[in-house]
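My request is simple: use the sequences and hints to build the entire structure.
One-letter residues, chain by chain:
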Amino acid sequence: MRLAGRRIRSLVLLLAVSAACKEKTEAAAPAGTTARIGAALSLTGPAAPYGATQRAGIQTAVEDINAGNALPLKLEVLIEDDGSTKEQGITVFQKFINRDKVSAIIGPTLSTTATAADPIAQQEKVPVLAVSNTSPTGITDIGNYIWRDSLTEKQVIPGAFKKAKEKMGFKTAGVLYGNDDVFTKAGYDVMKKTLDDLGVKVVDTQTFAKPDRDFAAQLTALTGQKPEVLVVSALADNAAAIVTQARQQGWTGPILGGNGFNSPAFIKNAGTASEGVMVGTSWNSASPAPANQRFLAAMKAKGANPDQFSAQAYTGVYILAEAIKLAGDKTGREDILAGLGKVKDLDTPLGKFSFTPSRDASHEPAVQQVKEGKFQVVE
Amino acid sequence: MRDLLLAYQSLIAFVGINGLLALSVYATLSCGQLSLANAGFMAVGAYAAALLTVKAQAPFIVVLAASALAPAIIAVPLGLPVLRLRGVFLAIATIGFGEVVRLFFVNWDYTNGALGLVAIPQRTALWTIFLALALALFVLARIRGSRFGYALEAIREDETAARTMGIDTTGHKLAMFVLGAALAGLAGGLEAHFTFMVAPGGYGFGRVVEMLVQAVVGGTAAFFGPVLGAAFLTALPEVLREVGARLGFAPGPFRLFLNGAILLLVVLFLPNGLVSLAGLRRRKK
Amino acid sequence: MGQQALNGVFVGSIYALFAVGYTLVFGVLDILNLAHAAVFMLAAFSALALVADAHLPLWMALPLAVLAAGLIGLLLERLAFRPLRGRADSNISGLISSLAMATVFEAIALQLFGPDVSRFPLGTFPDRLIRVGTASASLLQLCIIGISVLLMALLTFLLARTRLGRRLRAVAESPRAARILGVNVDRTIAAAFFLSSALGGAAGVLFGLAFNSISPDVGRSVELKGLAVIILGGMGSIPGAVVAGFALGLIEVFTVARFGSSLRDAVSFAVLFVVLLARPRGLFGQAAVREA
Chain U
1 MRLAGRRIRS LVLLLAVSAA CKEKTEAAAP AGTTARIGAA LSLTGPAAPY GATQRAGIQT
61 AVEDINAGNA LPLKLEVLIE DDGSTKEQGI TVFQKFINRD KVSAIIGPTL STTATAADPI
121 AQQEKVPVLA VSNTSPTGIT DIGNYIWRDS LTEKQVIPGA FKKAKEKMGF KTAGVLYGND
181 DVFTKAGYDV MKKTLDDLGV KVVDTQTFAK PDRDFAAQLT ALTGQKPEVL VVSALADNAA
241 AIVTQARQQG WTGPILGGNG FNSPAFIKNA GTASEGVMVG TSWNSASPAP ANQRFLAAMK
301 AKGANPDQFS AQAYTGVYIL AEAIKLAGDK TGREDILAGL GKVKDLDTPL GKFSFTPSRD
361 ASHEPAVQQV KEGKFQVVE
Chain L
1 MRDLLLAYQS LIAFVGINGL LALSVYATLS CGQLSLANAG FMAVGAYAAA LLTVKAQAPF
61 IVVLAASALA PAIIAVPLGL PVLRLRGVFL AIATIGFGEV VRLFFVNWDY TNGALGLVAI
121 PQRTALWTIF LALALALFVL ARIRGSRFGY ALEAIREDET AARTMGIDTT GHKLAMFVLG
181 AALAGLAGGL EAHFTFMVAP GGYGFGRVVE MLVQAVVGGT AAFFGPVLGA AFLTALPEVL
241 REVGARLGFA PGPFRLFLNG AILLLVVLFL PNGLVSLAGL RRRKK
Chain S
1 MGQQALNGVF VGSIYALFAV GYTLVFGVLD ILNLAHAAVF MLAAFSALAL VADAHLPLWM
61 ALPLAVLAAG LIGLLLERLA FRPLRGRADS NISGLISSLA MATVFEAIAL QLFGPDVSRF
121 PLGTFPDRLI RVGTASASLL QLCIIGISVL LMALLTFLLA RTRLGRRLRA VAESPRAARI
181 LGVNVDRTIA AAFFLSSALG GAAGVLFGLA FNSISPDVGR SVELKGLAVI ILGGMGSIPG
241 AVVAGFALGL IEVFTVARFG SSLRDAVSFA VLFVVLLARP RGLFGQAAVR EA
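Protein chains in written order, with the numbering used here: chain U, 1 to 379; chain L, 1 to 285; chain S, 1 to 292.
There may be inaccurate statements among the hints.
As the list claims (entries may be wrong) - What follows is a list of derived Cβ distance ranges for each label pair: (1) S:Leu71 / L:Val139: 47 to 53 angstroms; (2) S:Arg85 / L:Met165: 26 to 32 angstroms; (3) L:Trp108 / U:Gly276: 34 to 40 angstroms; (4) U:Pro288 / S:Ala153: 56 to 62 angstroms; (5) L:Ala134 / S:Ala160: 57 to 63 angstroms; (6) U:Pro288 / L:Asp109: 39 to 45 angstroms; (7) U:Gly303 / S:Leu58: 23 to 29 angstroms; (8) S:Arg176 / L:Leu6: 57 to 63 angstroms; (9) U:Glu372 / S:Leu74: 44 to 50 angstroms; (10) L:Ser146 / S:Leu71: 48 to 54 angstroms; (11) S:Leu112 / L:Ser146: 50 to 56 angstroms; (12) L:Leu265 / U:Lys125: 40 to 46 angstroms; (13) L:Gly145 / S:Arg176: 35 to 41 angstroms; (14) L:Tyr150 / S:Leu112: 47 to 53 angstroms.
If you're looking for bench data, these hints aren't it; they were derived computationally from the structure.
Just so you know, these numbers come straight off a predicted model, no measurement behind them.
Think of the CB as a built atom: it goes at the ideal place given N, C-alpha and C, for glycine as much as any other residue.
Structure (structure tokens):
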């Protein structure tokens, strides 16, 4: 046991030494000219696709802001990989807070990681801006330092489904959802309640797991019950496969999806099968608003994929910049916290953005339908 | 300096928790059984503890006791049939058990399925973890030197011979299986109250593989070997994070690659784990 | 019901092909190769790269990808398994080194192809639906079933009728005896890995074509199912893996039809348990499974 203790202590020493060395080689930024922000993203592990696109969105936003002169100071964003796990998420948060001394943190990618890491930021009084956490509970209710710009399904689905029902007039539905992922499970909970409220009868419900690629059995079972519409709560990769396989099986009825469908990758991977799919989204990709067009152009110039995740991440950086401005160009943690509280009707790719009193996102969601290989808004 | 310690205190906590988990796998390895059920046991302990705290506000000591007892109780009826299987079949059966437990929690609405239980108050402190670890090491050290321990080694060497010599192989194996379950459950309970939440995703196949790897890389010749392995492999991704940043690598797959490569090198060139490094140094003198 | 049966046969054919490679290595070496699913994944990506980037036609890309998988298997054997052969704990250390290789493979795939899901370019395979009784299947699905069955038949023939097959069976029986009889054990084991990985790779390519979702973690959905299949079929038994693969595919599909999909994965493991507790050697296996 003595040997183990010594080993552990020497490991800590090794970390300390390497950390100290690192601090010396970095030029310390003079106070007041740089705002240092940490971004905890899932760059490996199951959430890697989302972390990768978030990174592109964040880097694009930072480059744009630093190149312009809206802010008299520069943004410095440190990006770290949380490995899609809560352990690394916690470690990264602590590193950001105590070693890098960031003024605010963006992320983490997954809601489950957030429920483990955000409490630490709350304890240490560091503002966190979630850009992809959609779990209805357990995020912003952690405390007043936790904010988010990602609409939850509860804010998106009811409006979308109501409009869909008005247009298509269905009375029965078959539901398919991913039950092992917070995003899709939370989405399903909202969908079930919404269908109930709209008086739609759910004839059958099937589930799948995120790693699944074969949905034939579930789809055959669902379509066998002859619903008028298929309702799906899935992330983009699964969504593309589900829609393709449904069409392959001969299902010609309408398909309704949630936030997870909102990605050009969905259309690309599903091909013609995506035609006509209607989704409730928190990012209107076709919005002509200048903020959105700027975002699309910048992402395209970088060769990156503009999807909902990158749009929300990009917006997150702009929100923090706005908070700094509203705080009088001050970059301290309390300043940013105060600034966040003042953000109102900010022009972002997501639309006019404000926070709700409980620090959740507030902006107009959109209902879109895939027409001719592109998402178009449904009026 | 204080900031440095604060920055890495969670890492130190995870080293301790993973140490407990590696010891739980070692418990069955020490009598030659490759049991991969401990992620499932960890989940049972973690959820039991979380439920007691969140729904019943039970005192922490009761919560921890439950986190060790609940999986231990399950381990008995599970172990009796499953421990009769040899080698890789036992491994596969226990992998199956772990998956069934995970799927159970994914589908159980009372605990919110995949969302899990959140906002668990942080009742675990660093000293709690290391006290538990010290206790586990103490128990295993005592077993090692005792007649019970010699029987375990005999079973590990040659189970049939041990049985003919009159050793109750089933009883010994079951005892270690239950001990392993209790340790894993305790680690689960401690972790749940450190990371504020429990969710099924954290207790899958990948988790138990991590535990096994840490135990084997540390070395099973000495009773503290697994703890060494846990410390090394828990700190490694973070060390690689620093190294990667200094070398200018973008965060991402490179760390994963190095993790795998280092693991391969250790398995190939240090067959008895990191513990054997100490022996090498002594011999060189 | 007919449609579900077809679904089951289809997914079962891929499970079977995957499991056959798995069980081959276990039969010959008594080792579980946990990098099998990673080879499955790399083969799918290789085929994708050959079709999408090198613009090769599918009928050329497929065998090339399978060949690549076989070569990766040779590499795997040389790097992760051969050095451990003499060791007492070779089961456990073999498990861990194959795991390490799986991690390395996944990191390489992540670096080369990114984490997103990719698909074969549209039009890679003609899109045609065919009616089979009351069910409908795509031409692709029928071809995949056909190719899987063909490959498994070829393997069975190879094992039963060729010299290599005899050598493989000899080494599976007893490596020491085989060596005494003049069999080059090292080369035979390498051949076993080549075949196993080639078949696993074929399963990966077909899977990638079938579901058009190729990503670095695509092996995850089959790797644990593969375990259930080889246990059900009997460790080391090729016909067992084939029968069990189809059986599990059908069982899964009918579980979904009857009880809903949340139970589907649990069913594979329930089958695993029942088999291990009631008849551990599976349907066709002969390996000694119990201590008692």
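Review point. Does 47 to 53 angstroms hold as the CB distance between tyrosine 150 of chain L and leucine 112 of chain S, or does it fail?
Key: holds, 52 angstroms
Check your understanding: For the pair alanine 134 of chain L and alanine 160 of chain S, does the Cβ-Cβ distance stay inside 57 to 63 angstroms?
Key -> With a Cβ separation near 59 angstroms, alanine 134 of chain L and alanine 160 of chain S satisfy 57 to 63 angstroms, so the hint holds.
Review point. Given a hinted range of 23 to 29 angstroms, is it respected by the beta-carbon distance of glycine 303 of chain U and leucine 58 of chain S?
Key: holds, 28 angstroms
Exercise for review: Return holds or violated for the Cβ distance of tryptophan 108 of chain L and glycine 276 of chain U against the range 34 to 40 angstroms.
Suggested key: holds, 36 angstroms
Point to revise | Cβ distance range 44 to 50 angstroms for glutamate 372 of chain U and leucine 74 of chain S, holds or violated | key: holds, 48 angstroms
Check your understanding: Regarding serine 146 of chain L and leucine 71 of chain S, is the given constraint of 48 to 54 angstroms on their beta-carbon distance met?
Key -> holds, 52 angstroms
Point to revise | Status of the given 47 to 53 angstroms range, CB of valine 139 of chain L versus CB of leucine 71 of chain S | key: This hint holds: roughly 49 angstroms between Cβ atoms.
Review point. Per the hint of 35 to 41 angstroms, is the separation of the Cβ atoms of glycine 145 of chain L and arginine 176 of chain S within bounds?
Key: holds, 37 angstroms
Check your understanding: Is 26 to 32 angstroms right for how far apart the beta carbons of arginine 85 of chain S and methionine 165 of chain L are?
Key -> holds, 30 angstroms
Review point. How does the Cβ-Cβ distance of leucine 112 of chain S and serine 146 of chain L compare with 50 to 56 angstroms: does it lie in that range?
Key: Hint holds: Cβ distance 53 angstroms, inside 50 to 56 angstroms.
Point to revise | Distance restraint evaluation - proline 288 of chain U, aspartate 109 of chain L, Cβ atoms, bounds 39 to 45 angstroms | key: holds, 43 angstroms
Review point. Given a hinted range of 56 to 62 angstroms, is it respected by the beta-carbon distance of proline 288 of chain U and alanine 153 of chain S?
Key: At roughly 60 angstroms between Cβ atoms, alanine 153 of chain S and proline 288 of chain U fall inside 56 to 62 angstroms, so the hint holds.
In terms of the numbered hints stated before, the structure departs from none.
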